[in-house]
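Undergrad: The chain contents come next:
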Amino acid sequence: MVKEFTIALVGSPNSGKTTIFNDLTGSRQHVGNYPGVTVEQKTGRKKYKDYLINLVDLPGTYSLTAYSMEELVTRDYIISRKPEVVINVVDSSNLERNLYLTEQLLELDVPMVIAFNMADILEKNKDKVNIELLSLFFRAPIVPTIGNKNKGINDLLDAAIKVFETIPDRKRPVIKYGEEIENEILRIENLLKNKSDSLKPFNIRWISLKLLEQDIEVLKYLGKTLDAKTIINLQDLIKYSISHLKNVTGYSPEILIAQSRYGFINGAIREAIVKEDSSGISISDKVDKILINRIFGLPIFILIMWILFQIVFKLGDYPVNWLNTGLNKFAEILSKVIPAGLLKSLLIDGIIGGVGGILVFIPKIMLLFIVIAILEDSGYMARAAFIMDRLMHKIGLHGKSFVPLLIGFGCTIPAYMCGRTLENKNDRLITMHINTFMSCGGRLPIYILFAGIFFPGNSGNIIFSIYLIGMAAAVLVAKFLRLTRFKGEAEPFVMELPPYRTPTFKGVFIHMWERTWLYIKKAGTIILAISIIMWILFTFPRIGDNYAKNYNEQLNNLNSSYYAGAISKDYYNNEILKIDKEKAIEKIEYSAAGRIGHFIEPAFKPLGFDWKLSLASVSGIAGKEVVVSTLGTLFSIVKTGNSQSDFKSSMAKQYNPLIGYNFMIFSLLYFPCIASMAVFRKEAGTKEMLFQIGFTFSLAWIVSLIIYQAGRLFI
Amino acid sequence: MLMSGNDNLKNINDSTLNQISDKIISLANAGRNKRYRIEKISGCSSLNMRLLSLGFIPGEYIKVIDQYGKGPLTAYVKGNKVALGRGVAGKIFISEVD
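Chains A and B supply the protein sequences, listed in that same order. Quick note: the first sequence, position 404, residue 403 per numbering that gives the first Met the number 0, numbers continuous. Quick note: the second sequence, position 46, residue 45 per numbering that gives the first Met the number 0, numbers continuous.
Don't take every hint at face value.
To be verified - Chain A regions said to be covered by chain B (calculated; three or more residues, Cβ under 8 Å): (1) 88 to 99; (2) 208 to 217; (3) 285 to 294; (4) 493 to 501.
Unchecked claim - Cβ-Cβ distance ranges computed for the label pairs, FRET-style: (5) K33(B) <-> A227(A): 48 to 58 Å; (6) G684(A) <-> K69(B): 29 to 39 Å; (7) K33(B) <-> G684(A): 27 to 37 Å; (8) Y60(B) <-> Q309(A): 41 to 51 Å; (9) G30(B) <-> V273(A): 55 to 65 Å.
These are computed hints drawn from the structure, not numbers from a lab. Even glycine gets a Cβ: it sits at the ideal position worked out from N, Cα and C.
Just need the whole structure built from these sequences, with the hints factored in.
TA: If you want it as structure tokens, here you go:
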């Protein structure tokens, strides 16, 4: 008979928790979101002996307070879902701080196994640990593990099974907080005693403790659960307790409580561990002397970012080109097999053209995520945030905002997902809202095309200026949002700088794959739908025989004059091409897309855009790459040998550099694409997504209007 | 919400501060490579909780590793290297030891 139960993994950031989770589940993991919040939830399953074990990787937290979303998710999961066993992964080379979390888990009364991770470092430091004794203090079995070498994993499972099979004995509070605090706890407990039924999943002592710590979430919860009279009494009591404690001891209760906790941990460690004095400078410190040096830190950081871009964009070009070639071959073969008609057009122009455009991006996305995973797992990311904090602070943002903004130059979708590392909601939303202005890879083809046509010989500088304008827009909008919609200070900057570690291949791979897969899933499905919609818009209604001019007659005339020898071959070919083009343009103007273009033209007229540019810029909603392909369709639907130059020269003839530059600015400023907006909605909610769409579109329109109208005065 | 977390700031117990105030400075003014003792943390309750879970508790020793001009600083506390912004450092009060 197979028994099923759930193990939740809890641990501080950098404790090696994720590595242990990977060891336990292999790569068969499922990544999702916790309902309502954007903290990733990773689950996996494992068959071990006679057990089917569900594994849940809870977010890394230092504590179980209400400080961050991660902490709340972890706490809520343990309290309300009641996993049968909790494995607390502890970095044994950094016991004191790691056991702070363990102690709080203990207070929550959960069945627990402690994984003493990185046991090899402990050994290397020659520290002697009396594990049995420590295990008595924390009332949980302790299993030494070495996550990155896959050691101790089965022992961990055995211990978890043993805990699962043992009926827990009656628990009592482990830690006495000293007379002053215990008195206040008692008072609150007395007030809540007869309400214990309605506070079921919690124990009263824990709630009382949290109230003394002024835990916002517990207060909110009680506000919803208890009657008004009790709440008022409770408020008075807590106010009194806190000021009483402050008067007597000079400290606020949360500090007193933390002191007692650390006191307990210190006592346990003193009893159970003989520490070899390991003074002296660690390797990490030596590396930090260079990497976060006051003078060299920033240049080194810029160099690392430059290498990142080189890897992603230069190295990434090769596989992208291979994919492109393969895709074209595939389309070619397909076009031979499938008879001409609507189905063929849908498959080749619509689906392969649209979805393929995203597919070919995947190698770059993968490379980007590999480099980021290496930077994260090695411990450098924390340093990067540290180095950037001063600059980011000046625009009212947090050092950590820098990473999503940087990724935004590649693709905005993973950038939005990366915004999750920001704990403060306002910081996160501002970062997401300005991420648009970091020119993503999809916009680059537009710049290359327009700068090449209208500013030949100077295109590099022109493209660079667009990037700069984007960054300036980001700074200004960040300031603006901070003053209007998201008031308040940026999150105070406190961050651990973990020791440097060599990333493992497996860890980096799993990290990269999780994110790439999310990208493929989210972007892929939406892009497929959008491609089909775009194809429909460009194809229907079909013009049939409703052409304004009689092209067949023109063709017949041309044919007869050519065969009669009245015109040259060149002239004949040219005329044929002209007719084909006129016909194609008419066909598009007749289609829904063409009608939309004409319909929105008045709105874009003040910016200098005619119906073609209007349509092209709006088609960028589907993805900025689409702008270029739409223009391609509009200006040279007929593919000839020199269609590329043909298309460029006809654009150069129709528009002036001012319009060209303005078009680039417009494309820069409005939101990246519909797929990114779907991700935005998932991360920040419908309201924020609508704000992003409305705000960036109006900004783009207003800025372009000013540029065009002002520019006209000079031309 | 029941009470404002900022109460802490106003209610720093004056008598304790006065006794030792001649030696107490804020972490933002600390010197490099020196050992200090944490005397007081005075953030709002949620920042305090964060600092406490990272090991910043009154009575604990702290060593400042580097100061970055008017920017952030790095310090060792409880065997961990932690980076702190100016604003946060200004809310931690320390006294010099030896």
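Undergrad: Work down the list of hints and note, for each, if the structure agrees.
TA: To see whether the hints hold, each was checked on the structure:
no., hint, verdict
1, 88 to 99, "holds (count 4)"
2, 208 to 217, "holds (count 3)"
3, 285 to 294, "holds (count 3)"
4, 493 to 501, "holds (count 6)"
5, K33(B) <-> A227(A): 48 to 58 Å, "holds (53 Å)"
6, G684(A) <-> K69(B): 29 to 39 Å, "holds (37 Å)"
7, K33(B) <-> G684(A): 27 to 37 Å, "violated (47 Å)"
8, Y60(B) <-> Q309(A): 41 to 51 Å, "holds (44 Å)"
9, G30(B) <-> V273(A): 55 to 65 Å, "violated (33 Å)"
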